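Chemist: Residue-level listing of the chains:
Protein chains: 2
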Amino acid sequence: MQFRLKARLLGIATEGSLVVLLGKDAMRANDLRTGDRVLLSMQGGTPIIATTNAAHNGYILHDDEIGLFVETERALDARSGMIVEVLAAPRAECINLIKKKMEGKKLSYDEHHAIVKDIVSRELTDVELAYFVAACTMHPLAFDETVALTKAMIATGSTLHFGSPTRPLVIDKHCIGGVPGNRTTLLTVPIMASFGITIPKTSSRAITSPAGTADTMEVFADVSLTIDKMRSVVGSAGACIVWGGGINLAPADDRLIRIERPLSIDVSELMLASVMAIKASVSPTHVLIDIPYGQGAKVETLDRAKELKRQFQAIATELKLKILVLMTDGSQPIGNGVGPLLEAYDVLAVLKNDAAAPNDLRDKAVHLAGMMLEFVGTAPKGKGESMAADAIKSGRALRKFNEIIDAQGRKELPPLGRLTHDVLAQRTGTIVSIDNLSVARIAHAAGAPATPNAGLLLFTKVGHAVTVGDKLYTIYADSEEKFARAIQQASIDDPFTVR
Amino acid sequence: MQFRLKARLLGIATEGSLVVLLGKDAMRANDLRTGDRVLLSMQGGTPIIATTNAAHNGYILHDDEIGLFVETERALDARSGMIVEVLAAPRAECINLIKKKMEGKKLSYDEHHAIVKDIVSRELTDVELAYFVAACTMHPLAFDETVALTKAMIATGSTLHFGSPTRPLVIDKHCIGGVPGNRTTLLTVPIMASFGITIPKTSSRAITSPAGTADTMEVFADVSLTIDKMRSVVGSAGACIVWGGGINLAPADDRLIRIERPLSIDVSELMLASVMAIKASVSPTHVLIDIPYGQGAKVETLDRAKELKRQFQAIATELKLKILVLMTDGSQPIGNGVGPLLEAYDVLAVLKNDAAAPNDLRDKAVHLAGMMLEFVGTAPKGKGESMAADAIKSGRALRKFNEIIDAQGRKELPPLGRLTHDVLAQRTGTIVSIDNLSVARIAHAAGAPATPNAGLLLFTKVGHAVTVGDKLYTIYADSEEKFARAIQQASIDDPFTVR
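Chains as they are written, first to last, in the working numbering: chain A, 1 to 499; chain B, 1 to 499.
Just chain A, same shape as in the assembly (with noise of 0.2 Å):
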């Protein structure tokens, strides 16, 4: 039976489903228990389905109050006050999917929506969904499934179109990541720009690593953009670098994410779904995407790197995408520095042709973009690295990269971390190797990203010759305790091996 209450913004955030507090007298009386599920409606309003917590009495809520959580707030678009509708609602029917897959049985494209389209409306609460990631990890979805599910992700997100008559090509691109001071995409997106093609990027922030594209980006201009702007911003720049999470073109990626993250489980099937839905919500007329291979990479053999090609191939046939695959070498951090603002000034030392600027950050970004150039047919085959480079020498890459500043909104760079702290070599050799995951504990012992001046300039690669007392790196922080904390890390996590 149906009940009214006022609202109460709690202002408490879930980043998962949507959550109502009710006080137990009012739970007791409408036979409801802490996670039943409730259908709110207000005036004029969507109703929409929500769980329910319990509140004892006598605390943050009166006895006519419904405590609404910060998704919940934004879901109903409730205001302070404002009466809400309560009705017990019966449980999500896709709970019978996510049994009926952790029995091992496979799913269809309906089956798959059905489920999407909850996770979506933020209806299935954080452990219905964790039985759904532990199914997919314990029965791995089906070639079949996994594009069923990525025409899913496809069809309940947004879906954008970029391309014109006079600009008919539309390029997107992506890299697996977990390679430290990999920028590439902040060189190749104004590169591609340069040459009249768009390329509307959406980008995440790090989850366990110093800097997202999103992070360094960010350093240079605004980056939480909403859909009408980031489409502005393509419209006059021809190109954006912005935040993914902002845009929600294929929201239910996220919580997938945040699921997976206490864990770290890191399911191939979800994460191929989540990519190929997030580059096909842009309709582009060419994908990239760049896998990076080698220890402490997200992939860290070529074994795995040329499989994760083929299925990526595989589902962009039956997404009828053109697409291209490269595998990179990720066994060491690429530019100098690792943290936003450090890689940030690798950027921008490659677009101004800076004599110090880091070789292995301009190579890739220009192998990168010259592979795109012949892949979208705009230059002749075994011309797109020397138009690519020649976009950088010209100075017409930099005006492009200021244009998208400008449009997305300019930031001043702030000044570096204060403190810093220089790591020299123990021994006299060749450097063999730099652990990418080692590099990037210390990076954000230092701060990164949350701090976005704080990370590690490296001095030298692997395959370089150093001397006892030799500069390797400079940790820079800006908060004593987090400078003391990255020493500490350095200490007894060296990243480089000499021999």
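For the record, the hints were derived by calculation from the structure and aren't laboratory data. Be a bit skeptical, because a hint or two may be false.
Copies of the same chain look alike in the list, so a pair counts if it works inside one copy or between any two.
[As the list claims (entries may be wrong)] For lysine-lysine, the following DSSO-like pairs were computed, each having C-alpha atoms within a straight-line distance of at most 27 Å:
1. K298 to K100
2. K352 to K461
3. K411 to K306
4. K105 to K6
5. K411 to K461
6. K6 to K24
In this text, all values refer to a predicted model and were calculated from it rather than measured experimentally.
Take the given structure of chain A and dock chain B to it, following the hints.
Modeler: Positioned in the frame of chain A, the structure of chain B alone reads:
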């Protein structure tokens, strides 16, 4: 790095893991994100681990406050305004064990213990626990793992000892459940105790059924007893019937059940481990397990009942517990009443030797008690049932029941639900079945168990002849809305099959 905040009690119950609320600014400043773990300590107290939720600024928290959910407040024994020190904490160590289980690998006793310890301390979040339950569903525990889990649950809970030189026999019983009206515990406990056998019974409340043993006992007496009060009741009356959730003998059980509930998962090995751990925790000399089986009971087939019987016996052997497992008819409701008060009336009618007392309930209780009396050696072989029947006939069982009620704290019986509706036979013939689940749904719709005086009163059983217009059952309710809902449910969900 550590920071200090003032406790603010939120009064919000998660019923799961320990959660604290931190302001977004405090989280950002300390590199924390929703779902991260923190070590909380207060002067003079034991530090605990909790999970963070983020509060938007300007709602319920001041900048210098930390919000404590109910379970966290209790674990810290915190009062409003006390200073809490907060320190980022690493991931729970048992996460890797959960991942190991998800990979289909077997876990040792020590590994099960590590997981159960973190379940009991509420360090594991609901999502992490869901992964464990999912792993146990998709990779069922081997027998030695079930034994290891049972022992870990015993080791992480309290163990009570009730035996004494003058009363060495301590018996405990458990029924798998799912059969409406099956309140034999309220009869067998006083019967056994009337023979000087100690029987410290903990029972559950209904989860989806219209009444659990604890719900029905609560009509007569307080059932939410502390361990000390339970000890004193058993010390004086030789027996008790209390709510297990208040005693917390195998605290992992409650959390596992809560995580299984959203998907109605019933992991057999988790149930076996929980039941045996709860039984073992009162250090009984003998244990009786009742497995009712039949359509609509928890155990639907004889084969499944036999398989469970074998597993219970095997675990008992490992735990060195003497066990008797009985398989009983669970194909239709037992007794006439369904719902806490109506079932209480049945129990009283049997104990008072009323002519109208339900024979099936009395017969089953006499059978179970008789088998127990023979099992513990109080009755000679073949004499148990007549001795149990005599305990009822003589009034000794009723006197003992009143003694237990007085020791726990007697309550006045409420009047029956004021609204009644008779459901009549639509055809003439013989009743061939009464569906347990359908009976439960109608009684639940009428308000049971939340409304103790609501439910059903059955007038006939399988095998009886009925004529069109005969009363089959009466619905009792106390609120117009639930009354209407129950009548509506009865109209679409007829429990009776007449041929």
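Chemist: Enumerate the violated hints, using their earlier numbering and listing them in ascending order.
Modeler: Those not satisfied are hints 3, 4, 5.
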